[in-house]
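Q: Given next are the chains, with one letter for each unit.
2 protein chains.
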Amino acid sequence: MKSYNVAVVGATGMVGQKMLEVLAELKFPIANLYPMASKRSAGKEILFNKKSYVVQELCDDAFDQDIDIALFSAGGDTSERFSPIAAAKGVIVIDNSSAFRMDPTVPLVVPEVNPEDLDWHKNIIANPNCSTIQAVVALKPLYDAFGIKRIVYSTYQAVSGSGVKGYADLERGIKGEENTFYPHPIAYNCLPHIDSFMDNGYTKEEIKMVNETQKILHDNSLRITATTVRVPVYYAHSESINVELKNEFNVDDVKTLYRKAPGIVLEDDPQNNIYPMAINAENKDEVFVGRIRRDFSLDNGVNLWVVADNIRKGAASNAVQIAFALIERKLI
Amino acid sequence: MKSYNVAVVGATGMVGQKMLEVLAELKFPIANLYPMASKRSAGKEILFNKKSYVVQELCDDAFDQDIDIALFSAGGDTSERFSPIAAAKGVIVIDNSSAFRMDPTVPLVVPEVNPEDLDWHKNIIANPNCSTIQAVVALKPLYDAFGIKRIVYSTYQAVSGSGVKGYADLERGIKGEENTFYPHPIAYNCLPHIDSFMDNGYTKEEIKMVNETQKILHDNSLRITATTVRVPVYYAHSESINVELKNEFNVDDVKTLYRKAPGIVLEDDPQNNIYPMAINAENKDEVFVGRIRRDFSLDNGVNLWVVADNIRKGAASNAVQIAFALIERKLI
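Those protein sequence lines, which keep their order, are chains A and B.
First residue of the first sequence: 1, per UniProt numbering; consecutive thereafter.
First residue of the second sequence: 1, per UniProt numbering; consecutive thereafter.
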């Protein structure tokens, strides 16, 4: 099997570290590894497959090296500046930031949902927002089988979605110390505030869920609204998703679809207290779906409860799965 | 001002204690107080207005005493057995359990919303479910001004909603100890499971929200669905409410309505990080409404974020407010 030279940009951050962990765990065929980070973190040593690597500084000529794929997770500004440089030098960038997600020339890909969009990539591929990834994995089988008219998202998002700083703020709160990162305490509280607020009253996170769902499912006629909320959970986002289908369905058929769907684990036996939960999804790559039930307020409504590890499937694992899909589709 | 003989049944429980606290704080005109509880707790001493009272055992002849009003918060079975006994003896029972809520001969009342239903009481008045109370307070101004077609509820409910045992389970989980009350750990987790599951896949809590909302707003044509979720928060329930209105509206008019609505505090200045939060609602009697924004996926859709203290407005305070409303309406 051919192997590849892989750069991980933002290698010392929460998602970057998880990318390295997932690359090793899923045995991605790596020839040479190039961990990169900002000047501040350059020079640090990191471990990969029990071997030590020195983190390189991300700079304009970093991609003059022989690199096939670069997984970026270093924030939107860094991606905006360095992704085009890498891409111009023939590196395929898989970018975890929001910088290019809505760029019509950049595919936005969840491998279980729209791998075919990889075929038209121009060296930059965007990894969707964490809360969108798990939602579209769960929605895709419904979309294909019954069609979807409208979606109402309400999310229960883990602090690790804000990186190390969010995580630390919950730890501080639990110890009775003051918050230094979120605008309010997150311990024993719910914050209906993820990313910044826009003039229309929505957060950027909410609008990402709307726009990215439409882009990934190739359907701008999809009607979507979202309320995104931070909860005192360390890992894994939970989502209450209300779906209006276009066509008739029955709940058993939906369960059968989910039993066969790629990347999904059906956990739906409420009488035995089995339903998706954040603490069970932690460190898994699958999307967990349960609480499937008819919404009696609509002709073709269904309610879902969808949980996934936001750092793995919501970020690092999806990026690595995109890299695998590139190999599978002979695009690299 | 006339004063009344008041019994508090379940006086040693979490809601019962809060009822005593609220009766004192809101200066309900009490002549004699009769704290009651099961045999197990009878004989205990409790404090009310700095005076000590011995808790009486709740038994068949407990209501032979001269009692005007009994606030019940001792579970459905106790209410089912003793409320009719008290009512038959001329006591007005305000019952916090679910036993009589859907009984068509029993008014289900939130004083800001449907105080007129008190007029036809037959000595038993039901206090709605905590998650319903705060929702209908927020929905009533919209219902009156624009009409409501459909509601999608997703809740973020505090552990105190399960009483002392739920509270203690979160404390245990935070200390790293095992859960003994909930079927799964609640610390750093979300449980899409409140009350027991029914055959249709819904929890009783979810169905309560549907049925009680219709009953309180006197509108069985209201289309409603709900997903109710326990989160690691001690006090105050948060709710993401998606509403389809019947008529056109604008967001500023909705805010104006909420500024004037009884029992509501508008907290909606997201640019300054002002929105309703559980930690701010704790120990308040108002319902906090914010994140008001147009749902662009519908012609007349609006999203709300609604927070209230589940033990105060969601239980004890609403019951005491019903007692005050009885006086105001000269029904006692």
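FYI, nobody ran anything at the bench for these hints, they're computed from the structure.
Any given hint might turn out to be false.
Repeated chains share a single entry, so a pair holds when one copy, or any two copies, can fit it.
[Unchecked claim] Only pairs whose alpha carbons sit at most 27 Å apart, straight line, appear in this in silico DSSO-like list of lysine-lysine: (1) K2 x K89; (2) K27 x K2; (3) K255 x K204; (4) K50 x K122; (5) K284 x K255; (6) K330 x K2.
Computed from a prediction, not measured in an experiment: that's the story for all the values here.
Q: Compare the structure with each hint and give your call.
A: Verification of the supplied hints:
no.: 1; hint: K2 x K89; verdict: within (21 Å within a copy, 87 Å between copies)
no.: 2; hint: K27 x K2; verdict: within (13 Å within a copy, 79 Å between copies)
no.: 3; hint: K255 x K204; verdict: between (32 Å within a copy, 22 Å between copies)
no.: 4; hint: K50 x K122; verdict: neither (34 Å within a copy, 75 Å between copies)
no.: 5; hint: K284 x K255; verdict: within (21 Å within a copy, 43 Å between copies)
no.: 6; hint: K330 x K2; verdict: within (11 Å within a copy, 86 Å between copies)
The structure is inconsistent with hint 4 alone, although it conforms to all the rest.
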